[in-house]
Each structure stands twice: as structure tokens, then as C-alpha cells.
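Visitor: The primary structure of each chain is shown beneath.
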Amino acid sequence: MRAPVTTTLQEELDRLEDGMTIAFGGFNTASHPMAVVRGIVKKGLRNLTVVGSAISGLDLDLLIGAGAVNEVVTSSVTAEVLASVGPFYREAAESGSIDIWECDEGIFYAAIRAAGQGLPFNPWKAGIGTSIVELNKKLVPFTCPVTGQQLIAVPAINPDVFFTHVERADRYGLGQHTGSGYGDRAIHRASKRTVITTEALISNEEIRRNPLMTSIAYADAVVRVPWGAHPFSSPGCYRVDEEFIKEYVSVANQARKGDRSAFAEWLQHYVFEPETQADYLETLGQERLLDLGDVTEAIS
Amino acid sequence: MDKDYSIDEMMCVQMARDIEDGDWVNHGAVVPLAGAALMLAKNTHAPNLNFFYLGTVFNSINPSESDLASMLIDPMLAYTSSRALISHHDIVNWTARGGCDIQFLRPLQVDCLGSVNVSVIGDPEKPKARFHGIAVADVMITCRKPVLYVTEHNHRTLVKELSFCTGLGRTENGDWRRRMHACDGPFHIHTPLCVLDFEPVSGRARLHRLNPGVSVEEVIAKTGFELLLPDETQESSPPTTEELRVLREIVDPHATRQLEFKETRAAANERIEQLKRARAERA
Amino acid sequence: MSKVVPLAEAARSVGDGARIAFGGGGGMMRRPMSFCRELIRQGVKDLNVFQFLAGLETDLLIGARAVASTNAAYLGLLEYGPAPNFSRIVPEGSFKVNEYSEFLLIAVLRAADMGIPFLPWKTPWKSDLAKNLGIKTIVDPYGGGEYLAAPACQLDFAVIQVKRADQDGYVHAPDEPDLIYDFDYLIARAAKTTIVCAEEIAPVEDPAKVALIGAEVTYVVEAPGGAWPTGMHPLYSPDIKHLNEVYIKASQSGDEAFQEYLEEYVRNSTGKV
Chain C
1 MRAPVTTTLQ EELDRLEDGM TIAFGGFNTA SHPMAVVRGI VKKGLRNLTV
51 VGSAISGLDL DLLIGAGAVN EVVTSSVTAE VLASVGPFYR EAAESGSIDI
101 WECDEGIFYA AIRAAGQGLP FNPWKAGIGT SIVELNKKLV PFTCPVTGQQ
151 LIAVPAINPD VFFTHVERAD RYGLGQHTGS GYGDRAIHRA SKRTVITTEA
201 LISNEEIRRN PLMTSIAYAD AVVRVPWGAH PFSSPGCYRV DEEFIKEYVS
251 VANQARKGDR SAFAEWLQHY VFEPETQADY LETLGQERLL DLGDVTEAIS
Chain S
1001 MDKDYSIDEM MCVQMARDIE DGDWVNHGAV VPLAGAALML AKNTHAPNLN
1051 FFYLGTVFNS INPSESDLAS MLIDPMLAYT SSRALISHHD IVNWTARGGC
1101 DIQFLRPLQV DCLGSVNVSV IGDPEKPKAR FHGIAVADVM ITCRKPVLYV
1151 TEHNHRTLVK ELSFCTGLGR TENGDWRRRM HACDGPFHIH TPLCVLDFEP
1201 VSGRARLHRL NPGVSVEEVI AKTGFELLLP DETQESSPPT TEELRVLREI
1251 VDPHATRQLE FKETRAAANE RIEQLKRARA ERA
Chain Y
2001 MSKVVPLAEA ARSVGDGARI AFGGGGGMMR RPMSFCRELI RQGVKDLNVF
2051 QFLAGLETDL LIGARAVAST NAAYLGLLEY GPAPNFSRIV PEGSFKVNEY
2101 SEFLLIAVLR AADMGIPFLP WKTPWKSDLA KNLGIKTIVD PYGGGEYLAA
2151 PACQLDFAVI QVKRADQDGY VHAPDEPDLI YDFDYLIARA AKTTIVCAEE
2201 IAPVEDPAKV ALIGAEVTYV VEAPGGAWPT GMHPLYSPDI KHLNEVYIKA
2251 SQSGDEAFQE YLEEYVRNST GKV
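Keeping their order, the protein sequence lines are chains C, S and Y. Its first residue numbered 1, the first sequence is counted upward by one per residue in this note's numbering. Its first residue numbered 1001, the second sequence is counted upward by one per residue in this note's numbering. Its first residue numbered 2001, the third sequence is counted upward by one per residue in this note's numbering.
Honestly, the hints are just simulated from the structure, not real lab data. Only a predicted model underlies this, so the values are computations on that prediction, with no experimental measurement involved. Any given hint could be a false lead.
Cut-off 30 Å, straight-line C-alpha distance, at most; resulting in silico cross-link-like pairs (DSSO-like, lysine-lysine) [unchecked claim]: (1) Lys1222(S) to Lys1262(S); (2) Lys2096(Y) to Lys137(C); (3) Lys137(C) to Lys2122(Y).
Covered stretches of chain S, as calculated for chain Y (at least 3 residues, CB under 8 Å) [unchecked claim]: (4) 1079–1093; (5) 1096–1103.
Just a few of them, taken from the derived set where beta-carbon distance is under 8 Å, the chain S residues facing chain Y [what the hints assert, rightly or not]: (6) Asn1048; (7) Ile1061; (8) Thr1142.
Heads up, the beta-carbon is just placed ideally off N, CA and C, and yes, glycines get one too.
Next up, chain C with everything else stripped away, as it sits in the complex (with noise of 0.2 Å):
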């Protein structure tokens, strides 16, 4: 009989050591696991290599900005309109205090996809007479020895364990994503670990009515995070919280400029204080939530 994994998060968070490399899922504004970063933050783990997704959000920024990583990759943090670069990400690239693993989304693929494939690395056609294989010692010009053609290796990258958010799971840890599930079915394959968090559990009947929707298959552990994104998006359970994220970058920037006191005050009230989900949920607040969860109509 197959054994279910649902489990809690701070089960999950136990089990994390400083020093590791984690990986968060989502892309951009969207479905990042915040309720996992939050507990990162709050559980004060250090030097952690964290790997974002192709186009990482303010998850990884958040991180960096509390002390807690070493080492970041992917190609970029950003919200877009809301802030183009993760303020955190800018200070820490810019005083050169955290390492930056030099990608573009190609290069970052196929560091994943070789761990995912069992392979040390893969080549990739990128990069060559760029800055980014200058600073990334990491990535190694070779000679094709089937074209003779330029290329670049790409070690692969094999987190530790890897975090993201979906909407829908069944309790033997089959994740399905509301649209295409952005690049998180590769960073599952490359990582030892996959803990999802998803907004709904619902039955194994209800998957296997739709079995190709599945996009993380078997996670090692799925929990139930109600609001497990927020301020980020889940596609058709709630909007982007662009207020939060705009108090959130306006105090990073005061941090960057040298005031961390705004800043010190936000972590207090969004992540140190509430105890719970459920205690975070009640420091936004009923109206706000109801706001964010209309995902219907667009502007006609």
C-alpha cells in the first residue's frame, strides 16, 4: 500500500541545515513557496547556496536580505514592474558580500538538467566571448568533439532539496500546477528532495482524472499551505499582492541605503511574530485577502 507524505512544515524545516543548497520554484511574480522562505528566515539559517528558478522573484531577495545566503543562482531576481532588481540581490551583487553563480535562463537550464539527468554537466552553445564565462569560472570553454564547434560545459547543480508552491496535490505528493508549471519539473528531476506546498489536498481520484497536469511527480513530501504564496500569485486561487511588495521593496531600499531599521520592523511583523500560517494570514487581514482572491475579470 502506497504510504502518504503529507507532513508539516516545520517538519520540513527541520530538516534543514545551514550550509545547503535549496532551490525555490515559481518563476517571477508567481507561486514562490514564501511561507517556506518566511520559515527559513525565522529558523536564522546561514550560508545557504539557494538556487531561484530561471527568473527567480523577490523569494531569493527576501533571503539574502536576512543574512542567509552564500551563494545565489540563477539568471535573475526581479518583480518585474515592481522592482526590476531585488534590492537585497543589488546590495549583496554590488558590495560583492554574497557569491553570484553568472547564468542566463539557458545556461541555468542546463545546470539543472544535467543533475536531472544524472550527467556531471551538459554543453551549452551561450556564453562564449561573454563576461559571464570571464566571472563564472565555473562554466568551461571546450571544443565540440562531434562539430568542432566553440561551446560552453555547464556542471550540473543538484540541491539539496527543493521547494514549491502548486495549487492542487494529492497526499502521496503528486503536485499539479494551474498552467504550464514554469521550469519546476526540471528543478524536481535535479533535486535530492521535493517538498511541495499546495494551496488545496485534494483526492488521487481527482489526479488521475487529469494525469498529464501532473507536473511534480511523487514529491518527497507535500504539505497544505493555504496562501502559501502570498504576496506572490497562484494562478487562479489569488492575485499578486502588489501593496506588500511594494512595502516590502521600499523598505529593502531604505536597508541598502543604509537604514535597516524599516526593515528590522518589517521582519518583526510578517515573519518573526506570526507563529503560524494562520497567525500570518490574520496579520493581513480578512479584507485584503478576499481582495487578492478575485482572479476573474481583467480590465475589458
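The hints should help you fit chains S and Y onto chain C, whose structure is shown.
Guide: For chains S and Y alone, kept in the frame of chain C given last:
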């Protein structure tokens, strides 16, 4: 100067004209000037163009919304109005296989060979400013016609030497690129003053077309690298009445393209905020 | 602009000597048989056939003497037995058998899909299979280990049989996927020209249910029953009676008997199946 169009409209039209009917375009969602150029082309001379929409939430093909800004405000529209959803790494594979004909890129800096920087300003080890760094390296190698644009034409954007080379431009005699089995490299550089192309043998940027009323001297003075000059300077034909109508009424009625210009960014942002508020109220 | 063309026109695009992959998975499932019959009617020769689990479509083409090489990880009818024409004709040495290991075949297709010239690969290391295929090796610049350099598969054509596609080539994902259903999409993306034979041509309503995008597809052919005598889940089952009582019997008996089979079931049946 007496014109019935603005600089952002002029640039949008010139960029749209780089697209040929039937082209495949990769479009990253939050460059509304490029988005407007793409949809303008689709609604005028290139009705058969196809594009990947790399949205903030969904990656999809050919959303039917003419006004791409509407999908910035409501990303779910990308799901419901698109032809198909597609995973991000499938799009990356597609591009690596050479399926992309055009992608518009706006670098921080571009040099005389069309190499671009979207990553840092200043010393890369200890940069003055760190930016987003996305997408560019692959596109410059595999896209058939990468089209570059800058919304300011000065020594900070068109530079002699890049702080950081994110994406490789043209090369002398196309040599390097041939050895990489790569495409030719950047096609044009669009600026508020003119359009540059690339001299095929040296790979160097060359003045191609001037905006009406702009002098060669002004362009040379404001360009940080040595610009090749053609034997005869051409002038860009201004937007037609039809192009302006389509742009203003159908494709970008809220002028979200102005987000990409320093002078008009704040006002454009405010308009988008208003639209979002109006949408929230209607709900 | 609709991509729908008649079967004959799509088949005409395949020239002699083409490197052509066929879709399909289980022993007698989802093989684009109508298309292969049309290729035979048109007298196409010297095909270099690619498949993962090469089956009835390959066997039919071998029996029709249209094949220059087979390139697959397996050739047979799985639970339905060996491929009869292949068994009979292979001793002649009249076509080349390029045997791949399963993973290696997938590797060369993946490299093509990813737009890279090769994938470093572990299997089948030190096997005669790799040697016979002329696979080169490469040293891992990180760990120093030696790997095969699985070269990207150069495919001229991919032909797949699907349940539903629209006229622009968007293929509807199967509601009940059967064995290696995704192999079809992999070869479709890797090949230069892709031909989709659809049981029905109809719009794909849900954008989340698109398995293959139209841009990857060159031609769409309306081919109801086009997998016969293999099956198309869940529409129709394999015609095992025809397989055992007619096809296998003819294939085992010899060239003359098989020519008669071709006359009756291929040359005289003008695209009906």
C-alpha cells in the same frame, strides 16, 4: 519640430517594421515598448506572426489580446486567451534549436559590435549597480535577428567599452560566430534619434536611418563609440496615419510603452495603477 | 493558413533516403500505418527509419523493401512476438541495422530537442553498440571521467498518429496517455519536417492541454483509423486477428506471399486505411 507623433511612437513604429510577416518572436512580458511594436506589426503588416509570451505567470503562445498591457494587469488573461501554454524550458529548447526569428532586447549598454550588457555597471567584481541579467546571452547566439534598442542615446548607453559583456554581438568576418555555428548577431540598434545597422565584414555599427529632423552630427556627438557612416544617409519614414491609429486605439491605448522612457515612466506607472484600481473596484 | 493536406501530398514530401522517425509506443499501438502504406504506394526507397521501439510500421517497410537502415533500441512487436519481415530479411544483409541502447536513442533525440550538438552520456559505455555507431567520447572537465558524446540526431521527418489536432497543427494531449506517448512529441520537435496524422481535426479548446505546438508541425493529415492494424487508445484496439491470421502469415511465407499482401492491403486500398 512639427510632428504629430511622439518619440516613443516613432521608435515603436521603426521597431515594428523590423518584423516580417510569419516571423516567430519571443516576447518577455515587461518590455511594453517591444510588446507594442510586436502587436503593432501583427495588426498591420505582419498578421501571421507568432510569438511566445513569457509572462510573469504564464508562458504561452499567441495570446489573442491586442493590448498586451492588459495581461500585465491580469496575468490570468494569458491563460484564457492564449493558443497554448508551454513550459519555460520548452521555450528555451525551441530558441536553442533556432526557432526564434526576432527578439527585442533593451540593454543597459551596447558597444560598436552590438555586444550588450544587461547585468552590471562598473567593475563586475564590485559593481556600482547590478541589474537583472536575463535572457540575453542565449538570444544573441540563437535568435536569427536580435533587435536591440535603447531609450536614451548617449555615452552611457552607446559605449566604447562595456562594463560587462552579457551577450556577444557581431564579430569580424563573422568568424567567431561561424565557429560557434551561431546566427549572424544583432540586426539593428534603435534609439530615439536613429536606427543603426551593422557593416557585414567588420561587424561594426553603422548609421542606417536618421529620424526626421535629426542631424548626423548630433548622432555622432552623442554616440560613445566611433560610428561608421554610410555613403548616403537615409531618413526613416515617419509613422503612417494607419500605424498611429492602430497603435493608439488598438495596441497600446494606455501608452504603456512610455514605461520604458525615463521622462514618461512615472506617468505611465500611474496610469497602470489607475487601471488596476479600476479593475479591483469593478470586481 | 491551414496545414491540412491530403495523405498523398504529405507522403510525397518524403524523398528517397530520408531519415524518418515514426511515433508509437506499445507493441501494437499508435503506429502511423496509413502513412507508411502511402509511402509504399509511392515507391519511396532507402529510408533510414528511426524509432525507440520499432514495430509494425518498420516491419511493413522492411517487407516492402523500402528500408536502407533501422535505428532503434528494439525492433519487434513486443508482446505480440518478433517482427516477421525483419526476421526473414535481415540475414540477407540488404539493409543496415543500427542498434542503439534505449537511453542512447533518447539521448541523441534529446540533444536535438535541446539544440545542442551532443549530450555527454554514460550508456552504453564500452559496448560494441557505441563503437558500431561511431560515437565519440569526451572527458568531463569537472571530474575527469570519460563519457560518450551522444551526437544530436539529425532527423529529416517525424510522423506521428494522434487522436486530435487542429488545422494549425496543435496536438491535443491524450486524456489517457499510453506507453511512451511523449516519444511522439520528442521526435516531432527534433525533426525538420513533422507530419501529424490525426484521427480527427478539431480545435483544441484548453490551452493547458496542448501536447505539441503548431509551430513544430509542418503538415496535418486527416487519417481516421490511420493506426490500423495497430490500435489507437481509447478509440480502437489493435486488430490482432489481422496481425496473426493475415500479416504474420504472409510475412513469414516469403517475398511472393508478402507482395500479395501488399497488393491487397496497400496498393489496392487507395488510402481508405
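Visitor: Run every hint past the structure and note whether it holds.
Guide: Results for each hint:
| no. | hint | verdict |
| --- | --- | --- |
| 1 | Lys1222(S) to Lys1262(S) | holds (17 Å) |
| 2 | Lys2096(Y) to Lys137(C) | violated (45 Å) |
| 3 | Lys137(C) to Lys2122(Y) | holds (25 Å) |
| 4 | 1079–1093 | holds (count 8) |
| 5 | 1096–1103 | holds (count 4) |
| 6 | Asn1048 | holds (7 Å) |
| 7 | Ile1061 | holds (6 Å) |
| 8 | Thr1142 | holds (7 Å) |
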